[in-house]
Amino acid sequence: MTGRWPTRGCSARSTGSARCSRPTPCPRYGRYAGSRLYAVQRRRPAGPDRAWLHRRPAHADQLGRYVPLIAIGEAEARASFDAGGRFVLARTGTEARHALYKRLRADGHAGLVLFSSGSTGSPKGAVHDMSRLLGKYMTRRRSLRTLMFLLFDHIGGLDTLLYCLSNASTVVLIEDRRPAAVCAAVARHRVEVLPVAPSFINLMLLAGEHERHDLSSLRFITYGAEMMPPETLKRCAAAFPGVTLLQKYGTSEVGTLRSQSRSSDSPWVRIGGEDYAWRVADGRLEIRAGSAMLGYLNAPSPFTADGWFRNGDCVEVDGDYIRFLGRDSDVINVGGQRSFRRRSRPSCGRWTTSGTSPSRAKAIPSSARS
Numbered sequence: 341m342t343g344r345w346p347t348r349g350c351s352a353r354s355t356g357s358a359r360c361s362r363p364t365p366c367p368r369y370g371r372y373a374g375s376r377l378y379a380v381q382r383r384r385p386a387g388p389d390r391a392w393l394h395r396r397p398a399h400a401d402q403l404g405r406y407v408p409l410i411a412i413g414e415a416e417a418r419a420s421f422d423a424g425g426r427f428v429l430a431r432t433g434t435e436a437r438h439a440l441y442k443r444l445r446a447d448g449h450a451g452l453v454l455f456s457s458g459s460t461g462s463p464k465g466a467v468h469d470m471s472r473l474l475g476k477y478m479t480r481r482r483s484l485r486t487l488m489f490l491l492f493d494h495i496g497g498l499d500t501l502l503y504c505l506s507n508a509s510t511v512v513l514i515e516d517r518r519p520a521a522v523c524a525a526v527a528r529h530r531v532e533v534l535p536v537a538p539s540f541i542n543l544m545l546l547a548g549e550h551e552r553h554d555l556s557s558l559r560f561i562t563y564g565a566e567m568m569p570p571e572t573l574k575r576c577a578a579a580f581p582g583v584t585l586l587q588k589y590g591t592s593e594v595g596t597l598r599s600q601s602r603s604s605d606s607p608w609v610r611i612g613g614e615d616y617a618w619r620v621a622d623g624r625l626e627i628r629a630g631s632a633m634l635g636y637l638n639a640p641s642p643f644t645a646d647g648w649f650r651n652g653d654c655v656e657v658d659g660d661y662i663r664f665l666g667r668d669s670d671v672i673n674v675g676g677q678r679s680f681r682r683r684s685r686p687s688c689g690r691w692t693t694s695g696t697s698p699s700r701a702k703a704i705p706s707s708a709r710s
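If you count by the working numbering, then the sequence shown holds residues 341 to 710, one letter each, in order.
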C-alpha cells in the first residue's frame with residue numbers, strides 16, 4: 341500500500357492543499373489512505389451501494405482474525421495494492437444485507453465500519469454514518485505539521501488523519517515506528533504534533549532517543565489509546581518542558597472528543613466539544629454524541645434507553661475534569677474494596693540504568709536450548 345499522497349480535493353474548506361513528507365515508503369498510508377478514504381467520503385466509487393473491506397498488510401498469524409471480518413462486515417470486495425503498487429479490488433461474492441447498511445442506503449449516505457480489537461471476544465463492528473462522523477471537522481482549526489504515528493484502523497489514527505486533511509496540514513509518514521526512527525523523522529521534518537501511545541513515550545524515554553535528536557520543533561505531544569502511567573507522564577513533562585502534553589479520548593462507537601489536560605503532568609482532563617455531552621453514573625463514564633455510531637453489526641446496542649453510551653470506563657470527577665481509573669474488566673475485589681489490577685502491579689518502566697545500554701530480550705527456539 342504505497343504511492344503518492346493525493347493533494348487535490350483534500351478539503352473543500354481549505355485554502356491550501358495538504359502536503360505529505362515521506363521519509364521512507366510506507367505500506368500503511370500514502371495513496372491508499374488518501375484516495376480510498378476520500379472515495380468513502382464522496383461516495384465515489386465506495387458509496388452507499390457497496391460494502392468494502394479496506395485491507396492492511398497482515399502476517400500469516402493475523403489471517404485468522406482478518407478472515408472473520410469479511411463475514412462480520414458482509415464485505416462485498418477487498419481493496420488492496422499488489423506488489424507493483426497497483427490498486428486491486430477483489431469481489432468476495434457476498435451481498436451486504438445488514439439492516440444498518442440498508443439504513444445508510446436509504447439515507448444516501450456513505451458509511452464506515454470500525455472493528456474492535458477482539459481481545460475480549462469476537463471483534464465488534466461499529467457502523468458509522470460518515471456525514472455525522474465528519475461533522476466535527478467542518479470547523480477550520482490550526483494547520484500543524486503532524487507525524488502519523490497512529491494507524492487509521494482505529495478511531496485515534498482516523499481522527500488524526502481527518503484533522504490533518506481538513507485543515508490542510510502537512511503530514512509526515514513513517515514506516516519504522518521505533519523511537520530512534522520516529523525521533524529522527526521529527527527532527528528532520530520539524531514536526532509540531534506527535535500523537536503517540538503512552539507505551540511509546542515510555543520506550544522513547546528509556547532509550548534516551550529524545551536526547552539524541554533535536555525535537556525543539558514539537559509543540560504538542562498527544563497521547564491516548566491506553567492508560568498513561570503517572571510516572572511516565574511526569575518524566576515526559578520533565579523531558580519536554582516547553583511542549584504541551586495533551587490527553588486524547590475517543591471510542592470506536594462515538595468518535596473522538598475534544599480535550600484539554602489540566603496541566604502537562606496531570607492525569608486530569610476536560611472532555612467535550614461540539615455535539616458531545618458526558619455524565620458519570622455509578623462511577624462509570626457515559627457519553628452522548630451526535631457522531632455516535634448507528635449500532636453494531638454483530639452485538640447488542642451498548643446505549644442506554646435515553647441514548648447514552650457506556651463502554652465501561654471508570655472515572656473520578658473533579659469539577660469539569662475527570663481522571664480515568666481503568667475499565668470494568670480491570671476491577672477486582674481486595675479486602676472488600678474495589679481496586680484496579682494496574683495499581684496492583686509494579687511499574688517496570690520507572691527503573692532506569694546509568695552508563696549501560698537498555699536491556700534486550702532474544703527469543704531462542706526450543707530446539708537450540710540445552
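Since the hints were derived computationally from the structure, they do not count as laboratory data.
There may be inaccurate statements among the hints.
For each label pair, taking beta carbons as the anchor points, the in silico distance ranges come out as [said to hold, decoys possible]:
(1) 448 / 418: 34 to 42 Å
(2) 548 / 446: 51 to 59 Å
(3) 660 / 574: 17 to 25 Å
(4) 551 / 439: 51 to 59 Å
(5) 482 / 650: 27 to 35 Å
(6) 571 / 435: 17 to 25 Å
(7) 552 / 651: 23 to 31 Å
(8) 530 / 598: 20 to 28 Å
Every residue, glycine too, gets a C-beta built ideally from N, C-alpha and C.
Okay, the hints, checked on the actual structure:
no.: 1; hint: 448 / 418: 34 to 42 Å; in the structure: violated (25 Å)
no.: 2; hint: 548 / 446: 51 to 59 Å; in the structure: holds (56 Å)
no.: 3; hint: 660 / 574: 17 to 25 Å; in the structure: holds (23 Å)
no.: 4; hint: 551 / 439: 51 to 59 Å; in the structure: holds (55 Å)
no.: 5; hint: 482 / 650: 27 to 35 Å; in the structure: holds (33 Å)
no.: 6; hint: 571 / 435: 17 to 25 Å; in the structure: violated (52 Å)
no.: 7; hint: 552 / 651: 23 to 31 Å; in the structure: violated (39 Å)
no.: 8; hint: 530 / 598: 20 to 28 Å; in the structure: holds (26 Å)
When held up to the earlier numbered hints, the structure conflicts with 1, 6 and 7 and fits the remainder.
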